[in-house]
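**Q** Position chain B relative to chain A; hints supplied.
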Amino acid sequence: MYFLLARVFQATIVMLCVALVGFLVFQFVGDPVLSLVGQETTVEDREALRESLGLNDPILVQYARYVVNAVQGDFGISYSFNRDVSEMIADRLPATVELVLLSGVLSLLLAIPAGIYTGIRRKGGIAQTIMAISVIGVSIPSFLLGILLILVFSVWLNWLPSFGRGDLATMLGVRSSLFTWDGLSHALMPAAVLCLFQLGVILRLIRAEMLEVLRTDYIRFAWARGLPGKRVYFGHALKNTLVPVVTAIGLQLSSLFAFSIITELVFQWPGMGSLLLHAIGQSDIPLLAAYLIFVGLVFTISNLVVDAIYVLIDPRIRHGAL
Amino acid sequence: MFDRIRSDFWYELLNSPVTIVSAIIIVLMIIGCTFAPIFAPHTPFDPATISIMDNNMPPAWADGADPRFLLGTDLQGRDVLSAMLYGGRISLLVGIGAVALSVVIGMAVGLLAGYFGGMADAVLMRIAEIQFAFPPILIALLFNGILKASLPADVFAQAAVPIMILAIGLAGWVQFARIVRASTLVQRNQDYVTACHAVGLPTLTIILRHITPNILGPVLVLAMLQIAVAIVTEATLSFLGLGTPLTEPSLGALIQIGSQYLFSGVWWVVIFPGIMLLVMVVAFNLVADWVRDYLNPRLR
Numbered sequence: 002m003y004f005l006l007a008r009v010f011q012a013t014i015v016m017l018c019v020a021l022v023g024f025l026v027f028q029f030v031g032d033p034v035l036s037l038v039g040q041e042t043t044v045e046d047r048e049a050l051r052e053s054l055g056l057n058d059p060i061l062v063q064y065a066r067y068v069v070n071a072v073q074g075d076f077g078i079s080y081s082f083n084r085d086v087s088e089m090i091a092d093r094l095p096a097t098v099e100l101v102l103l104s105g106v107l108s109l110l111l112a113i114p115a116g117i118y119t120g121i122r123r124k125g126g127i128a129q130t131i132m133a134i135s136v137i138g139v140s141i142p143s144f145l146l147g148i149l150l151i152l153v154f155s156v157w158l159n160w161l162p163s164f165g166r167g168d169l170a171t172m173l174g175v176r177s178s179l180f181t182w183d184g185l186s187h188a189l190m191p192a193a194v195l196c197l198f199q200l201g202v203i204l205r206l207i208r209a210e211m212l213e214v215l216r217t218d219y220i221r222f223a224w225a226r227g228l229p230g231k232r233v234y235f236g237h238a239l240k241n242t243l244v245p246v247v248t249a250i251g252l253q254l255s256s257l258f259a260f261s262i263i264t265e266l267v268f269q270w271p272g273m274g275s276l277l278l279h280a281i282g283q284s285d286i287p288l289l290a291a292y293l294i295f296v297g298l299v300f301t302i303s304n305l306v307v308d309a310i311y312v313l314i315d316p317r318i319r320h321g322a323l
Numbered sequence: 004m005f006d007r008i009r010s011d012f013w014y015e016l017l018n019s020p021v022t023i024v025s026a027i028i029i030v031l032m033i034i035g036c037t038f039a040p041i042f043a044p045h046t047p048f049d050p051a052t053i054s055i056m057d058n059n060m061p062p063a064w065a066d067g068a069d070p071r072f073l074l075g076t077d078l079q080g081r082d083v084l085s086a087m088l089y090g091g092r093i094s095l096l097v098g099i100g101a102v103a104l105s106v107v108i109g110m111a112v113g114l115l116a117g118y119f120g121g122m123a124d125a126v127l128m129r130i131a132e133i134q135f136a137f138p139p140i141l142i143a144l145l146f147n148g149i150l151k152a153s154l155p156a157d158v159f160a161q162a163a164v165p166i167m168i169l170a171i172g173l174a175g176w177v178q179f180a181r182i183v184r185a186s187t188l189v190q191r192n193q194d195y196v197t198a199c200h201a202v203g204l205p206t207l208t209i210i211l212r213h214i215t216p217n218i219l220g221p222v223l224v225l226a227m228l229q230i231a232v233a234i235v236t237e238a239t240l241s242f243l244g245l246g247t248p249l250t251e252p253s254l255g256a257l258i259q260i261g262s263q264y265l266f267s268g269v270w271w272v273v274i275f276p277g278i279m280l281l282v283m284v285v286a287f288n289l290v291a292d293w294v295r296d297y298l299n300p301r302l303r
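Here the protein sequences line up with chains A and B, keeping their order. Basically my numbering = 1-based index in the first sequence + 1. Basically my numbering = 1-based index in the second sequence + 3.
So here's chain A without its partners, still in its complex pose:
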């Protein structure tokens, strides 16, 4: 319990630092007054606006105000859309989340069995083939893979749509494109692109951990006791590969969000990534800062969840030995 409390405390500090970066960007890149008013506004009007926005207050007061507003979900008004930033993020969030979830689940379902298999039969032909594919999987830039998929499946074969999110449907109060065939056919290629990189990373990690664990003494003793292979591999070996794998999956979740920016551009998926690219293109600082803080929050929470899982799966942490 102490372990988790300490982690929550650390996570709060991390978030305050991320907010500080967001705030500094907000503060020092461009002039918010200039972005809000036109050329013809007088100097007095500008000063009045500056005062009413609180830009003349001491910097710590402004930071505190920024954090308080951010906690309440208020990130200001977007320069280029003239809309509430948090509203815009809420609009775009479901599309990104469904893409991230679909590819995350896909990559885990494929990576875990494949990683175990290549760890056990590492000299076999199938294992070598899987490893060769995984090298390409971690090497190929995701935008290139996306373009190649579009070229093959949309341009040459004409099987799958190349852009957009397709039809949406509501199920259990959630509106998503994953509930219609049309939506699924739109999501398939972007999800595959996002999935392949994660797949390669997690697969290679599980394989390396399996190889490491299978060399240890307790595995040799398990064989000596005459246990069947299934029990040795899954009962004994797999358990001890889990801690680093869970860490990696937690880190990968954040990179899924990062890479969804690229995938969303290639497939014109209307998610948060394309919003960020727009914000960068237009130098829309409030939107940029809000995205930074939002992604920081996602990473911090996923790391916290990973820590909680450690407590569940690693008895050494549970009993305070580490």
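Simulated from the structure, these hints should not be mistaken for laboratory data. Just so it is clear, the structure is predicted and the values come from calculations on it, not from any experiment. Backbone N, C-alpha and C fix where the C-beta goes; we use that ideal spot for every residue, glycine too. A few of these clues could be false.
As the list claims (entries may be wrong) - Examples of chain A residues toward chain B, derived with CB under 7 Å:
| # | residue |
| --- | --- |
| 1 | L25 |
| 2 | I141 |
| 3 | P142 |
| 4 | L254 |
| 5 | I263 |
To be verified - Simulated DEER-style distance windows between Cβ atoms:
| # | chain 1 | residue 1 | chain 2 | residue 2 | range |
| --- | --- | --- | --- | --- | --- |
| 6 | A | D218 | B | P216 | 29 to 37 Å |
| 7 | B | H200 | A | Q73 | 52 to 60 Å |
| 8 | A | L212 | B | D11 | 15 to 23 Å |
| 9 | A | L212 | B | L219 | 24 to 32 Å |
| 10 | A | A65 | B | E15 | 36 to 44 Å |
| 11 | A | L298 | B | L154 | 26 to 34 Å |
**A** Just chain B now, with coordinates in the frame of chain A:
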């Protein structure tokens, strides 16, 4: 570790044909791209030498091709092969430059934190930890976006290559700092460091002349792997339209240009730079894998 090559170096290397092929590919690419003006059959970005009449030529082996353009031409009549060589030059420059910057920052921070410990260690490593939570590509993206917002547009376009090196280099230093710190912690307590203290060498000399050579192995492996990552990051940023300007396209920008004509069936403008990028990255990864296995005594 560089003053002598272990006697099994050539034996191990010759037993791994994949590594040899990868290393040869890397050397060829570096030579070909560095001397692109010599090797390239055309000068792709000089308006005086390109002709719009040559546009959209397929590769030399397809129907209706022109033998002057081995890999075809793009919409503006530029030779794809030449554009690839010039583009690869930028990709390699940014990739290697960014990693060099990461190594310098990471080694400075790691040596400082590892050798002195205490407050410096705590503060530096907390910063590193926070940055480590964010994927490098995102940091490079945001850094690039912030610079773009704060610099005038013409300055930003002029300094595109240094800015890319800066953005990607700053995104990648954390991993170097972590492994350098870990190795420094081990080295600091070795007898030879105590001996250096005993003869009264200045701290800086101990760190630079005695500790640094002993921690270069893992840094070298990571640097090789990171060059591949940096090349991909550069290509990705350029593909997103945030990297090199279209007048001086890197491989990523070439792919972005080509991807706009995907639906008109002009596949060669996107496929060939794509293959070159992929081969470059895979080759760096494979060589780095081999070096790691070679330096890791546990796998032997």
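**Q** For the hint on I263 (chain A), does the least C-beta distance to chain B fall short of 7 Å?
**A** Hint on I263 (chain A): holds, closest Cβ of chain B at ~6 Å, below 7 Å.
**Q** Under the criterion of a CB-CB separation shorter than 7 Å, is L25 (chain A) in contact with chain B as hinted?
**A** The hint is violated - L25 (chain A) has no Cβ within 7 Å of chain B, the shortest such distance being about 10 Å.
**Q** At the C-beta level, are H200 (chain B) and Q73 (chain A) separated by a distance inside 52 to 60 Å?
**A** holds (55 Å)
**Q** Go ahead and decide if the range 36 to 44 Å is satisfied by the Cβ distance of A65 (chain A) to E15 (chain B).
**A** Because 59 Å falls outside the window, the suggested range is violated.
**Q** Is it true that the C-beta distance of L298 (chain A) to L154 (chain B) lies inside 26 to 34 Å, as the hint says?
**A** holds (29 Å)
**Q** Within 29 to 37 Å or not, the Cβ separation of D218 (chain A) and P216 (chain B)?
**A** With Cβ atoms ~35 Å apart, the hint holds.
**Q** Mind checking the CB of P142 (chain A) against every CB in chain B and telling me if the closest is under 7 Å?
**A** P142 (chain A) check passes; min Cβ-Cβ to chain B is 5 Å, inside 7 Å.
**Q** Measuring from beta carbon to beta carbon, are L212 (chain A) and D11 (chain B) in 15 to 23 Å?
**A** Holds: the Cβ-Cβ distance is about 22 Å, inside 15 to 23 Å.
**Q** In this structure, is the beta-carbon distance linking L212 (chain A) and L219 (chain B) contained in 24 to 32 Å?
**A** At 26 Å between Cβs, range holds.
**Q** Take the shortest C-beta to C-beta distance between I141 (chain A) and chain B; is it under 7 Å?
**A** holds (6 Å)
**Q** Regarding the hint that L254 (chain A) lies at the interface with chain B, is the smallest CB-CB distance below 7 Å?
**A** violated (10 Å)
Checked against the numbered hints above, the structure violates hints 1, 4, 10; every other hint is satisfied.
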